[in-house]
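Given the sequences, and given the hints that come with them, work out the whole structure.
2 protein chains.
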Amino acid sequence: MTAPIDPGALGPDQARALFRAGLRVPTSGWCAGWTQANLIGVPREDAYDLLLFAQRNPKPCPVLDVTEPGGTSASLFAGDLRTDLPGYVVYEHGEPVAEVADATPYWREDLVSFLIGCSFTFEDALREAGVPVRHIEQNRNVPMYRTNRMCRRAGGFGGPLVVSMRPVPAAQVADAVRVTARYPSVHGAPVHVGAPVELGIDDLAAPDFGDPVEIRVDEIPVFWACGVTPQAAVMASRPKLAIGHAPGHMAITDARDTRYLVP
Amino acid sequence: MTAPIDPGALGPDQARALFRAGLRVPTSGWCAGWTQANLIGVPREDAYDLLLFAQRNPKPCPVLDVTEPGGTSASLFAGDLRTDLPGYVVYEHGEPVAEVADATPYWREDLVSFLIGCSFTFEDALREAGVPVRHIEQNRNVPMYRTNRMCRRAGGFGGPLVVSMRPVPAAQVADAVRVTARYPSVHGAPVHVGAPVELGIDDLAAPDFGDPVEIRVDEIPVFWACGVTPQAAVMASRPKLAIGHAPGHMAITDARDTRYLVP
Numbered sequence: 001m002t003a004p005i006d007p008g009a010l011g012p013d014q015a016r017a018l019f020r021a022g023l024r025v026p027t028s029g030w031c032a033g034w035t036q037a038n039l040i041g042v043p044r045e046d047a048y049d050l051l052l053f054a055q056r057n058p059k060p061c062p063v064l065d066v067t068e069p070g071g072t073s074a075s076l077f078a079g080d081l082r083t084d085l086p087g088y089v090v091y092e093h094g095e096p097v098a099e100v101a102d103a104t105p106y107w108r109e110d111l112v113s114f115l116i117g118c119s120f121t122f123e124d125a126l127r128e129a130g131v132p133v134r135h136i137e138q139n140r141n142v143p144m145y146r147t148n149r150m151c152r153r154a155g156g157f158g159g160p161l162v163v164s165m166r167p168v169p170a171a172q173v174a175d176a177v178r179v180t181a182r183y184p185s186v187h188g189a190p191v192h193v194g195a196p197v198e199l200g201i202d203d204l205a206a207p208d209f210g211d212p213v214e215i216r217v218d219e220i221p222v223f224w225a226c227g228v229t230p231q232a233a234v235m236a237s238r239p240k241l242a243i244g245h246a247p248g249h250m251a252i253t254d255a256r257d258t259r260y261l262v263p
Numbered sequence: 001m002t003a004p005i006d007p008g009a010l011g012p013d014q015a016r017a018l019f020r021a022g023l024r025v026p027t028s029g030w031c032a033g034w035t036q037a038n039l040i041g042v043p044r045e046d047a048y049d050l051l052l053f054a055q056r057n058p059k060p061c062p063v064l065d066v067t068e069p070g071g072t073s074a075s076l077f078a079g080d081l082r083t084d085l086p087g088y089v090v091y092e093h094g095e096p097v098a099e100v101a102d103a104t105p106y107w108r109e110d111l112v113s114f115l116i117g118c119s120f121t122f123e124d125a126l127r128e129a130g131v132p133v134r135h136i137e138q139n140r141n142v143p144m145y146r147t148n149r150m151c152r153r154a155g156g157f158g159g160p161l162v163v164s165m166r167p168v169p170a171a172q173v174a175d176a177v178r179v180t181a182r183y184p185s186v187h188g189a190p191v192h193v194g195a196p197v198e199l200g201i202d203d204l205a206a207p208d209f210g211d212p213v214e215i216r217v218d219e220i221p222v223f224w225a226c227g228v229t230p231q232a233a234v235m236a237s238r239p240k241l242a243i244g245h246a247p248g249h250m251a252i253t254d255a256r257d258t259r260y261l262v263p
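Those protein sequence lines, which keep their order, are chains U and X.
So for the first sequence, the UniProt record's numbering puts the first residue at 1; every next one is plus one.
So for the second sequence, the UniProt record's numbering puts the first residue at 1; every next one is plus one.
Calculated from the structure, these hints are not laboratory results.
Just so you know, these numbers come straight off a predicted model, no measurement behind them.
Each hint should be verified, as a subset may be incorrect.
Distance condition first, Cα-Cα at most 16 Å in a straight line; then the derived EDC-like pairs of lysine to aspartate or glutamate [what the hints assert, rightly or not]: (1) 240/X / 92/X; (2) 59/U / 65/X; (3) 240/U / 45/U; (4) 59/X / 65/U.
What follows is the structure, given as structure tokens:
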């Protein structure tokens, strides 16, 4: 199956139907104006610790919605969470055991799924402000990195902050901060500007998730908190089971971006 | 014990010491610049439902901090949560069974305590903007009302939205909205302006919690979501045990108001 020529023009239902049919692509640039979300599902017995982890780390883990145990849709997501994302990673005791296009065989009756805000949501606003979004220009997945900053623990859950990176021309860094700060529920303003080594990132060309992108000589790498952080916590904290989206392959929700825009 | 002449000038430690010694007063106007919080504690087995209830109802239930099970202090509250508020209500199976100045006899090893944002936090900002705060002028507790709006349920927890009311001169209603909207973590902008009957409030002179206040002829009653909402949910949902602050008698935290101010 090939990607549509203009994925930005699709609605959430149309995109989810393509993913359900097996299309596997990163979703940056898809469904302009619709909110994208990270997925992390854990058994009910681990859901309190994960929800508290999110409460204690709101910058990487802004919770948009939580399903009932075993729920396969959510108030913000009318599709089927087991099949309607373009990719999933399944973890057992913190180890990724499968990367799949259909998570149905791994779903459990007591799985509680969290939808967590995603920075793809504000990329339309960045582009409207004239700030380039390199991974969209290069048709790649966004680069993501584990950092040396530890999240606040909650019960069994702890781990490092994960960030996404976008190279921004020096003259437009302030615009990038100003625009994204208006979307606090989808990671908001950057957590760090320049100096990747201060985050413990040695090589921008070797991201931990996603693809590397070109950084031009007049550009500064700008880092935003990333909703892959709960998956890094799963890897560090080893709950029995967890199901996440494949990084960059998001849940496209039925909420408009403007819902998360503050004045 | 009598209240200090200028409670607004006290720091959180000083105020908590007075409350620990037995002073029982509403805290509106106390400790200018310091964030105040609602308290609700439930056994660990009910904590997930309550945390999810808060996530689903962020306007009345903005979570500022959550203790470890049995914890008697919090990262935002260096005092002793059992004694350092000016009053508590203890609920068993949803019934208020005690109103006490010291909750120690009721505390349990597995009690998880939630600190929830309180609109007293933005009253300094209102007064600085020239908006009168009648219950402070009249040295009364703020009036609070159960409404006919139901919160989104979470597991065992559901119940009505509770609101606080401040009468605002018609010419200053816009200022009151603008100023408080900048504090989304402590209830933010009003949920309703004027027309109390639309909220199911028949008689402003008979609040469900707190004291009635004077409403002048040029004033509009303005309603903000209230952190007593979780206590109304406890009354409706009847968990085995819950410990809340006495309405208007808040936890004074070690966080500055400005921490919750957005640009």
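Tested hints:
no. : hint         : in the structure
1   : 240/X / 92/X : holds (5 Å)
2   : 59/U / 65/X  : holds (15 Å)
3   : 240/U / 45/U : holds (10 Å)
4   : 59/X / 65/U  : holds (15 Å)
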